[in-house]
Amino acid sequence: MADDPFEQVLDLEEQFYQDGYKQGVADGDKAGRIEGRGLGLEKGYQKFMESGRLHGKSIVWANRLPGLQARPQPEGHPGLDGRGPEKTQQQSLPPLPNNPRLEKNVTTLFALTEPDSLSTDNTDEAVNDFDDRLKRAEGKAKVIEKTVGEDHKKDDVQKPASPGGAKSAGLEV
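Heads up: the sequence shown begins at 1 in this note's numbering, then just goes up one per residue.
Please note: incorrect hints may appear among the correct ones.
[Stated by the list, open to error] Straight-line alpha carbon distances no greater than 30 Å define the calculated DSS-like cross-link-like pairs of lysine-lysine that follow: (1) Lys-22 x Lys-146; (2) Lys-47 x Lys-146; (3) Lys-57 x Lys-146.
It is worth saying that the hints were derived from the structure and are not from the lab.
Since this is a predicted model, take the numbers as computed values, not measurements.
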């Protein structure tokens, strides 16, 4: 009974099932890749933003170290516009205590978060290296914050502006 005329009709459901399954797998694979790339970009951006925030803090702390304090300009030295002494009042942060361990921690934090030395390759090794450096930098930042007496609150970081601007944020304009 190899030439049964109803064989094709009886196997029609199985054929549709197999076709639908193959198409579903292909569509799911494509959608998964798109979603994975989007999620990867989002997480990568967040990590680089945190690294940049820590790098900025390391620069501020490095400039507050006693050995690296900016020297004041002499009285007769021209200002920024070249016409004469600047008449603006400068405000500065207080210097940090003279502590070799603090200086070493600030230097290490700066080196861990230096943008030129961070890899942007999308390989497992590069991602793991970046994650390791970011975790170590976060730890160094916490140690420095405790040493200088600053509070570490990630919630205090300013949120990016909302797409709707001030009105969608509930602010009066």
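Hints the structure violates: just list their numbers, smallest first. 1
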